[in-house]
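The lines below spell out each chain.
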Amino acid sequence: MKEVGYKFDVIVVGAGPAGSAAAYTLAKKGFKVLLVERGRVPGSKNVFGGRVYADPLRDVFDGFDEAPIHRWVTKERISLVNGEAMTSFEFHERKRTSFTTYLTELACWMARKVEEAGGTVLTEITVDELVVEDGKVTGIRVGDEKVSSDVVIDAEGINRLLLERAGLVPKLEVRYAGLGVKEVIKLSKKEIEDLFGLDEDEGLAWLMMGDVTGGLPGGAFLYTNRDSVSVGLVVMLGEAVKEVREHISRYVEALRLHPLLERYFRNGRIMEYSAHLVPEYTWPSLPHRLYADGLLVAGDAAGLLLNLGYNFRGVDYAAYSGYLAAKAVEKAHEMGGMTSENLSVYERMLEESFIMKQLRKFRNAPKMRENGRLYTTYPEVVNSVMDQLFHSPYEIPKVMEAFKRAKDGKIGWLDLVRDLLEVVRSV
Amino acid sequence: MMRKPMRVDDILNNDVWDVDYEPHIRVDTTKCRECEEKPCLLLCPAQCYTLAGDEVLFSYEGCLECGTCRLICPHDAVSWDYPVSGRGIHYRFS
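Protein chains in written order, with the working numbering: chain A, 9 to 435; chain H, 4 to 97.
Since the hints were derived computationally from the structure, they do not count as laboratory data. Bear in mind that the values here come from a model prediction, so they are computed numbers and not experimental data. Certain hints may be false.
Only part of the chain H face toward chain A is listed, based on derived beta-carbon distances under 8 Å [as the list claims (entries may be wrong)]:
1) Arg6
2) Leu15
3) Asn17
For glycine and all other residues, C-beta sits at the position ideal for the given N, C-alpha and C.
Model the full assembly from the supplied sequences, consistent with the hints where possible.
Put into structure tokens, the structure is as follows:
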């Protein structure tokens, strides 16, 4: 292995939201930063559902308002689906809190900010391993070359092969992962606005629970982009392994062909089909140590993602964890070096940030999602109540009467109360 | 066209790859012969794993690099690498 002559202060692996946020923050402070990305351009290996919360990114990146934002999500729709019936809850308020975009575009923009701040961004570089000498990470190996740095920030993503190879984390277990699969379907801007009742830069985030996932525990989503929609599902991998009955792409196709949904897609065409894993840890603690001598871990590689069932926070968590990793490097630099002890400040910063506060608060959410009744029984009961209320012209039942009829034989009062408490406690 | 089922291959045809000369994933298919569950057949989103008779066939070309096969393989038959410099899937709208 030959050593490249030039030494960096910091090497960041992976130009996704976490890596770019870390590299940008450090480059801005005058550190010599190298950001390496294995894709052809930053973002070309990134996939998300479809929505990002803006404020955490605004805290990290100057000039955030020039980011490639497609639509501000002003409309939230949550639907319980079973068979050919759907009961929806919709919230519409014209506040600009979260937006839709292509993550591939957003990641590109973030990496450009790194360059503007004076960092070096190299694409088409696949890191083979973290170089560990005397228990300290001293750089990266690419082919037979070593590039050295005082510290490496690993933002390689959920598969975290480099961390595994260095013996720093165990192999990710299926029960801690979700699988997201989606299609991006092209429509015209006007079609989207007409179909979903949106104004020019307004967007819709639509979460669906029930048998739209074909019985797999998880949920389906639809997000409106500028002139396309992203439609897909996230299933819990541990359960999917046992329960999957046909090829996973057929489950996404079932959404596209669903009698109540196909109207949105019938004039479209598929632009892209993508798949990605999602971290699904059962908290309250960090899944593994995120610092070592000469190393910090951020983003999906650190397992930082919140899935509430009705909302997902991944991209902003990743970017903000990268930002905190950069802040930790700054602190460690002031304290005299990139030792494990000095870098441990990163975990304290994460613990005190909104990321760990929220992950701790919602630690029961993953367990709740294992309750199969939430996907099957309740959507069925709710839709049956609605059906009785609106489709019984000669014999309108009272709500309680309809509810009793709907639930009889499906669920007892005791389980109902228990589930209600679980939901209230979890989310 | 959108109102009819599509073949997985036709859906995948919308994606762009720069296919590597060497596979980034290697599968020890002798282990697959012992495998009863074969979850890879249904859960690999790119359908890189197919069955020919009793044999599992694997092709890396259409891989979306999600990492699912590595996690779900009950016999640890999958050794997984990131594709080399710039190769593999190239997402543009995801």
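Item to check | In rising order, the numbers of the hints this structure does not comply with | outcome: Result: no hint breaks.
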